[in-house]
Amino acid sequence: MSDKDFVQSLERGLAVMRSFSPDRPRQTLSDVARTTGLTRATARRLLLTLSQLGYVRTDEKFFELTPRVLDIAHSYIASLNLTEIAQPYMERFCEEVHEASSIAVLDDTEIVYVARVPAKRIMTVAIGLGSRFPAYQTSLGRVLLAELDNDDIVDIYDRSDHSLATDRTVTSSTALLAELKAVRDQGWALVDQELEIGVRSLSAPIRNVDGAAVASMNVSTHAGRTDLDEVLDHFLPRLLDTVGDITAALALR
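Numbering (this note's numbering) for the sequence shown: -12 to 240.
Please note that the accuracy of each hint is not assured.
To be verified - Using C-beta positions, here's what the derived DEER-type ranges look like:
no.: 1; residue 1: 15; residue 2: 198; range: 44 to 52 Å
no.: 2; residue 1: 9; residue 2: 38; range: 16 to 24 Å
no.: 3; residue 1: 94; residue 2: 217; range: 17 to 25 Å
no.: 4; residue 1: 15; residue 2: 217; range: 46 to 54 Å
no.: 5; residue 1: -9; residue 2: 149; range: 33 to 41 Å
no.: 6; residue 1: 228; residue 2: 15; range: 46 to 54 Å
no.: 7; residue 1: 75; residue 2: 1; range: 42 to 50 Å
no.: 8; residue 1: -9; residue 2: 216; range: 55 to 63 Å
no.: 9; residue 1: 35; residue 2: 135; range: 35 to 43 Å
no.: 10; residue 1: 210; residue 2: 82; range: 21 to 29 Å
no.: 11; residue 1: 105; residue 2: 32; range: 18 to 26 Å
no.: 12; residue 1: 216; residue 2: -3; range: 50 to 58 Å
Hint data in this document are derived by calculation from the structure and do not stem from the laboratory.
Think of the CB as a built atom: it goes at the ideal place given N, C-alpha and C, for glycine as much as any other residue.
Kindly generate the complete structure, drawing on both the sequences and the hints.
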């Protein structure tokens, strides 16, 4: 794409929307300008435009997103046709294992959750549709990273957010590459307390008709109630069967 085709105002508008987060749900004009690096005048025009379109509301001091922004995410999720197909299989799986399960896709250095069936048990990590985490640090992400070339994996690791690392998280791209080699060989990924101490997660890929991994599905549990043997002996076979069923269902569409 040539520079003349790049619409900078759209880029800036999206930057304003992305400046809102769980830590910054309500922001002043100055907050938005500081977070995005835009001038106050530019940030003001963008916020007022988004407000006119219904994506932002304001009380004349603070700005916050409205539920209309979910329309954008819904358009993407609906276009996948994946969540509609996967949902009944996920629900059946969660009834069998009595734990939470999610489906995610890879977006550059992060995974994005596009489907989820929560467990009745509560974990510290708050996860909902659209939640993002560093791909290298999660089982969902490692399943998808394992599909990439090593040079791309190293680049993603180097550009990732490492602020959420625990004392169990891999600390180098070399260690990550070794982990991903095992993922390729076995066809699934297990991450033990690398995103949050106490949380174990097991994932496997969902593939399209061409065999490419288009998403990944996991089961997460607490280390205090589920040991590794149970994860591998009880959860893994059921997870592999479920992603196999979803993959087969996708091929029929």
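Report the numbers of all earlier hints that the structure fails to satisfy, in ascending order.
-> 3, 7, 11
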